[in-house]
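There are 2 protein chains.
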Amino acid sequence: MPVKLSAPAAVELLPVPGVELGIAEAGIKKPNRKDLLVIRLDAQSTVAGVFTLNRFCAAPVTVAKEHLTVGKGIRALVVNTGNANAGTGEQGMAAARATCAAVAKSLDCAAEQVLPFSTGVIMEPLPVEKIVAGLPQAVANLKADNWFDASQAIMTTDIVAKAVSRQIKMEGKTVTITGIAKGSGMIHPNMATMLGYIATDASVPQAQLQQMVKQAADASFNCITVDGDTSTNDALMLIATGNSGVTISDANRAQMQAAISAVATVLAQAIVRDGEGATKFITIKVEDGRDAAECKQIAYAVAHSPLVKTAFFASDPNLGRILAAIGYAGVNDLDVTRIKLYLDDVLVAENGGRAASYREEDGARVMQQEDITVRVELGRGSAEAIVWTCDFSYDYVKINASYRS
Amino acid sequence: MPVKLSAPAAVELLPVPGVELGIAEAGIKKPNRKDLLVIRLDAQSTVAGVFTLNRFCAAPVTVAKEHLTVGKGIRALVVNTGNANAGTGEQGMAAARATCAAVAKSLDCAAEQVLPFSTGVIMEPLPVEKIVAGLPQAVANLKADNWFDASQAIMTTDIVAKAVSRQIKMEGKTVTITGIAKGSGMIHPNMATMLGYIATDASVPQAQLQQMVKQAADASFNCITVDGDTSTNDALMLIATGNSGVTISDANRAQMQAAISAVATVLAQAIVRDGEGATKFITIKVEDGRDAAECKQIAYAVAHSPLVKTAFFASDPNLGRILAAIGYAGVNDLDVTRIKLYLDDVLVAENGGRAASYREEDGARVMQQEDITVRVELGRGSAEAIVWTCDFSYDYVKINASYRS
Numbered sequence: 001m002p003v004k005l006s007a008p009a010a011v012e013l014l015p016v017p018g019v020e021l022g023i024a025e026a027g028i029k030k031p032n033r034k035d036l037l038v039i040r041l042d043a044q045s046t047v048a049g050v051f052t053l054n055r056f057c058a059a060p061v062t063v064a065k066e067h068l069t070v071g072k073g074i075r076a077l078v079v080n081t082g083n084a085n086a087g088t089g090e091q092g093m094a095a096a097r098a099t100c101a102a103v104a105k106s107l108d109c110a111a112e113q114v115l116p117f118s119t120g121v122i123m124e125p126l127p128v129e130k131i132v133a134g135l136p137q138a139v140a141n142l143k144a145d146n147w148f149d150a151s152q153a154i155m156t157t158d159i160v161a162k163a164v165s166r167q168i169k170m171e172g173k174t175v176t177i178t179g180i181a182k183g184s185g186m187i188h189p190n191m192a193t194m195l196g197y198i199a200t201d202a203s204v205p206q207a208q209l210q211q212m213v214k215q216a217a218d219a220s221f222n223c224i225t226v227d228g229d230t231s232t233n234d235a236l237m238l239i240a241t242g243n244s245g246v247t248i249s250d251a252n253r254a255q256m257q258a259a260i261s262a263v264a265t266v267l268a269q270a271i272v273r274d275g276e277g278a279t280k281f282i283t284i285k286v287e288d289g290r291d292a293a294e295c296k297q298i299a300y301a302v303a304h305s306p307l308v309k310t311a312f313f314a315s316d317p318n319l320g321r322i323l324a325a326i327g328y329a330g331v332n333d334l335d336v337t338r339i340k341l342y343l344d345d346v347l348v349a350e351n352g353g354r355a356a357s358y359r360e361e362d363g364a365r366v367m368q369q370e371d372i373t374v375r376v377e378l379g380r381g382s383a384e385a386i387v388w389t390c391d392f393s394y395d396y397v398k399i400n401a402s403y404r405s
Numbered sequence: 001m002p003v004k005l006s007a008p009a010a011v012e013l014l015p016v017p018g019v020e021l022g023i024a025e026a027g028i029k030k031p032n033r034k035d036l037l038v039i040r041l042d043a044q045s046t047v048a049g050v051f052t053l054n055r056f057c058a059a060p061v062t063v064a065k066e067h068l069t070v071g072k073g074i075r076a077l078v079v080n081t082g083n084a085n086a087g088t089g090e091q092g093m094a095a096a097r098a099t100c101a102a103v104a105k106s107l108d109c110a111a112e113q114v115l116p117f118s119t120g121v122i123m124e125p126l127p128v129e130k131i132v133a134g135l136p137q138a139v140a141n142l143k144a145d146n147w148f149d150a151s152q153a154i155m156t157t158d159i160v161a162k163a164v165s166r167q168i169k170m171e172g173k174t175v176t177i178t179g180i181a182k183g184s185g186m187i188h189p190n191m192a193t194m195l196g197y198i199a200t201d202a203s204v205p206q207a208q209l210q211q212m213v214k215q216a217a218d219a220s221f222n223c224i225t226v227d228g229d230t231s232t233n234d235a236l237m238l239i240a241t242g243n244s245g246v247t248i249s250d251a252n253r254a255q256m257q258a259a260i261s262a263v264a265t266v267l268a269q270a271i272v273r274d275g276e277g278a279t280k281f282i283t284i285k286v287e288d289g290r291d292a293a294e295c296k297q298i299a300y301a302v303a304h305s306p307l308v309k310t311a312f313f314a315s316d317p318n319l320g321r322i323l324a325a326i327g328y329a330g331v332n333d334l335d336v337t338r339i340k341l342y343l344d345d346v347l348v349a350e351n352g353g354r355a356a357s358y359r360e361e362d363g364a365r366v367m368q369q370e371d372i373t374v375r376v377e378l379g380r381g382s383a384e385a386i387v388w389t390c391d392f393s394y395d396y397v398k399i400n401a402s403y404r405s
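These protein sequence lines map, in sequence, to chains Y and C.
Quick note: the first sequence, position 230, residue 230 per my numbering, numbers continuous.
Quick note: the second sequence, position 143, residue 143 per my numbering, numbers continuous.
By construction, these hints were calculated from the structure, which means they are not laboratory data.
Be a bit skeptical, because a hint or two may be false.
Unchecked claim - Pairs of lysine to any residue, SDA-like flavour, derived with a Cα cap of 25 Å:
| hint | chain 1 | residue 1 | chain 2 | residue 2 |
| --- | --- | --- | --- | --- |
| 1 | C | Lys-398 | Y | Glu-361 |
| 2 | Y | Lys-143 | Y | Glu-12 |
| 3 | Y | Lys-30 | Y | Pro-2 |
| 4 | Y | Lys-398 | C | Ser-402 |
| 5 | Y | Lys-30 | C | Ala-364 |
| 6 | C | Lys-65 | Y | Asn-332 |
| 7 | Y | Lys-214 | C | Asp-333 |
| 8 | Y | Lys-29 | C | Gly-363 |
| 9 | C | Lys-65 | Y | Val-331 |
| 10 | Y | Lys-173 | Y | Ala-144 |
| 11 | C | Lys-65 | Y | Leu-334 |
| 12 | Y | Lys-30 | C | Tyr-358 |
| 13 | Y | Lys-30 | C | Arg-359 |
| 14 | Y | Lys-30 | Y | Pro-136 |
| 15 | Y | Lys-340 | Y | Gln-369 |
| 16 | C | Lys-30 | Y | Ser-315 |
| 17 | C | Lys-398 | Y | Ser-402 |
| 18 | C | Lys-398 | Y | Asp-316 |
| 19 | Y | Lys-65 | Y | Asp-218 |
| 20 | Y | Lys-398 | C | Tyr-394 |
| 21 | Y | Lys-65 | C | Glu-350 |
Said to hold, decoys possible - Computed spacing ranges between beta-carbons, pair by pair:
| hint | chain 1 | residue 1 | chain 2 | residue 2 | range |
| --- | --- | --- | --- | --- | --- |
| 22 | C | Asp-218 | Y | Lys-72 | 50 to 58 Å |
| 23 | C | Glu-90 | Y | Lys-169 | 53 to 61 Å |
| 24 | C | Thr-174 | Y | Asn-351 | 46 to 54 Å |
Glycine included, C-beta positions come from ideal geometry on N, C-alpha and C.
Produce the entire structure from the sequences given, and follow the hints as far as they go.
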């Protein structure tokens, strides 16, 4: 069950002027399930995104990147679940292009103005005909107040829909930011996550929007992992419609970036809280390193260790496993006698071994919590990094041993 | 349950002249369990080893490396289970030295002539007094025909004891090689595995013995992974007593190396077949790469993917997960259109997608097997690498969520 995570209420999700969303049940993998989403954008909108670095990146990722560079302006995004259209070769590229062409025809724009996204099983042909057949339903359904249904339409193994809205005051006007995301397994984003869409009605030039989405991803989706598997389909998109009348400039960019990053962080953490089989939400902070890269390397080693993750599942303070993971993280000149390990506020290890003050019952108490922070002080610099992850339970195996059935 | 692996029969394990083994029930973690092993070597023996690269390497690993460099000749090895004496700081170093001193006193040699080894839970103080109290029982028990009991005495979460003997003819004489190993979880050796001991009665100078153990480890223990966790205590030791009267030279070194590597490979594969919760034994071959390093990097990415491992557990040919793992392995200039993926003899993917000839029932048939080979052709060179691993089951979680209880 998701860890301290409930679905957003529909009324909490604020429309973003300039954005309309339409949902359909296209029967892509199973019937009677929202599995197709069309997002229509006002003409003046800018769109930027970051995508997976997986070499087997999906056909829609390749096509979306192409269409972004064409520069005609993006008028629509189309997302299907039930099939990732990844590992599908030339046939998959044709299917992604056909999807864009069909959406373009429905909305009276060019195919290059449509960005396609897919998520689901890998290496199976995308049933384009089902998507095309479902489009009229999605287009008829287009409306601004549809973010809640949209967040449901992009779910796969997710238990809880992920969505959040924020409003900020800028230049005396109100700017809205609403975002949705999906993801639960195959989560180890490298540039972005499974699928995330954030829209604002501020006006942001394309180049700045690209910097903004990169920075937001680095502070959020690029800090999470469920199972260390980097998806073929990761994409985080940031949309700016400009309908609020507020234009982003040097004077207000930091405020806007902070709000975008905050929305991205809520969504990224929600993905971990809804991680496949998760029963604990674990924050791993590595501090006092020489650079952020080595801090992140160590944080990910701890976050990916099946032994650490199963100990958290069992609420067992078998914390030597964390030391072992720090030790094999690949930072080869690490002086282990300078390292301090904390579990929340409890000092667990120092001087290369268990702290004299450590008592098993203190470790056991923290391990019972649903939210736990592992803090590692490396004692060799001032850099730091953070990674959010979850534990490893029977249900992770169950979910992934039966995903296709 | 172990995958096609049964315990060796005691009679199959051949004594190695010059080596005696003694076992005790020292009650280190639990009572009534063989948990202490002493190996006594004839004076002319040479010993070489490879050890974990984990920065939190255990105190006994540090002490064993020290004692090997002293160069007085090694006369005994002492192994305890139930406690890893890792992450134990200065106190742990003192405990490892005290263990060596006690063994030295029992066997009338110097402490620097004893190599200590520990395996078990990390970051708990080693109960030296229990080891010292158990030593008389182990020493009284010393005999050449004791490899079977020795293989049991070093087990922790292992279900099946791992041991094998081989004999080869050299210069008209018989040379015996017998090896034992333990390990089931925290298996991703980096230089060696959890614990392995191989002895021969050939005569091998120290420097050559060191090359020989390194080469054997690279072809065996350094090709296996269960969970990607590199232990703090890995060690593979190779002992040469010389009692056969056969001396290794340039003329017969290749034959000896082949026999040693064969024994090491049997033991390494046994560890995977007895991997925690294993139901499948999976061989991952990556071929036609630019160099062995990139082949191994890709093989390990596939072997470590929880999604791939749970698909094997489910016998579900959800083989797109293998493509995803190849894609995120970190070989950034990989041309996925040149890659071919085979499951045993079934061509699964080529030209960036599913092979036209692939039929789901063929994949499903292979996935039902207990032994499966995943073969990846990269199509960009002639290097190759192999990794052996197992699947990821409910029982892995169960075993590791309850290890200390």
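Comparing the hints with the structure gives:
no., hint, in the structure
1, C/Lys-398 to Y/Glu-361, "23 Å, holds"
2, Y/Lys-143 to Y/Glu-12, "16 Å, holds"
3, Y/Lys-30 to Y/Pro-2, "24 Å, holds"
4, Y/Lys-398 to C/Ser-402, "18 Å, holds"
5, Y/Lys-30 to C/Ala-364, "21 Å, holds"
6, C/Lys-65 to Y/Asn-332, "18 Å, holds"
7, Y/Lys-214 to C/Asp-333, "22 Å, holds"
8, Y/Lys-29 to C/Gly-363, "20 Å, holds"
9, C/Lys-65 to Y/Val-331, "21 Å, holds"
10, Y/Lys-173 to Y/Ala-144, "20 Å, holds"
11, C/Lys-65 to Y/Leu-334, "19 Å, holds"
12, Y/Lys-30 to C/Tyr-358, "23 Å, holds"
13, Y/Lys-30 to C/Arg-359, "22 Å, holds"
14, Y/Lys-30 to Y/Pro-136, "19 Å, holds"
15, Y/Lys-340 to Y/Gln-369, "21 Å, holds"
16, C/Lys-30 to Y/Ser-315, "22 Å, holds"
17, C/Lys-398 to Y/Ser-402, "18 Å, holds"
18, C/Lys-398 to Y/Asp-316, "12 Å, holds"
19, Y/Lys-65 to Y/Asp-218, "19 Å, holds"
20, Y/Lys-398 to C/Tyr-394, "8 Å, holds"
21, Y/Lys-65 to C/Glu-350, "24 Å, holds"
22, C/Asp-218 to Y/Lys-72: 50 to 58 Å, "55 Å, holds"
23, C/Glu-90 to Y/Lys-169: 53 to 61 Å, "58 Å, holds"
24, C/Thr-174 to Y/Asn-351: 46 to 54 Å, "52 Å, holds"
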